[in-house]
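Visitor: Sequence:
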Amino acid sequence: MPSTTKKHFNHVESAAVDAAVRRARTGQSIQIGPDPALHRESKGTELHWVGEVLRHRLSLRSLNRPIGIRAKDDDVHPLITDGQAFPAVALSIPFADGALDFLATYDIRGRGRLTFDVVVPCDRCQKAVPTEEINSLEDLGDFLLQARDALGGSPRLRTSPAHDANCPARGD
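Counted from 1, the sequence shown has number 277 at position 61 by our numbering; the numbering is strictly sequential.
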């Protein structure tokens, strides 16, 4: 969980906080439209596409400045719940003072689409785990502001194999 004493947000975090406050005041979210389609033109396209879906969901193009997203296969989590053969995707938005880290998995039991979780240290074991599902810039802002009533947590938190083996958060 991010610290409530953080004094400086980077430009993406600031935009997220502004969007969350705007949604809280007006009750309206930013309308972003459907996710980008996957185009199979070259090797590595799937990772690029997952990064583009995150860019789209967080409305990063609207910030009018270049924002890099690094995507790679995750070596711990499966892409599909209980899946073994297909790795999830680890994403990172780097900044001079740190990074925002996400995990992309596929939700076949729910909405049938990519799901993004912010990855932060577990409160109990301190291992980096998927903590909160983030579907929009406003969700990221709520997470940064610790507006827990507006969020529901990630269903992948308790099942994450990234926890220490004896972590009480795993499976509770």
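Take these hints with a grain of salt, some might be off.
Unchecked claim - Label-pair restraints from in silico Cβ distances:
no. : residue 1 : residue 2 : range
1   : S245      : D291      : 29 to 35 Å
2   : G369      : D234      : 22 to 28 Å
3   : D291      : A312      : 23 to 29 Å
4   : G249      : C341      : 19 to 25 Å
5   : I246      : G369      : 20 to 26 Å
6   : A381      : Q244      : 42 to 48 Å
Please keep in mind that the hints were generated in silico from the structure rather than gathered at the bench. Glycine residues also receive a C-beta, built at the ideal position from the N, C-alpha and C atoms.
Visitor: Confirm or reject each hint.
Guide: These are the hints, each one checked on the structure:
no. : hint                     : result
1   : S245 to D291: 29 to 35 Å : holds, 34 Å
2   : G369 to D234: 22 to 28 Å : holds, 23 Å
3   : D291 to A312: 23 to 29 Å : holds, 26 Å
4   : G249 to C341: 19 to 25 Å : violated, 38 Å
5   : I246 to G369: 20 to 26 Å : holds, 22 Å
6   : A381 to Q244: 42 to 48 Å : holds, 44 Å
Taken one by one, the earlier hints fail for this structure only at number 4.
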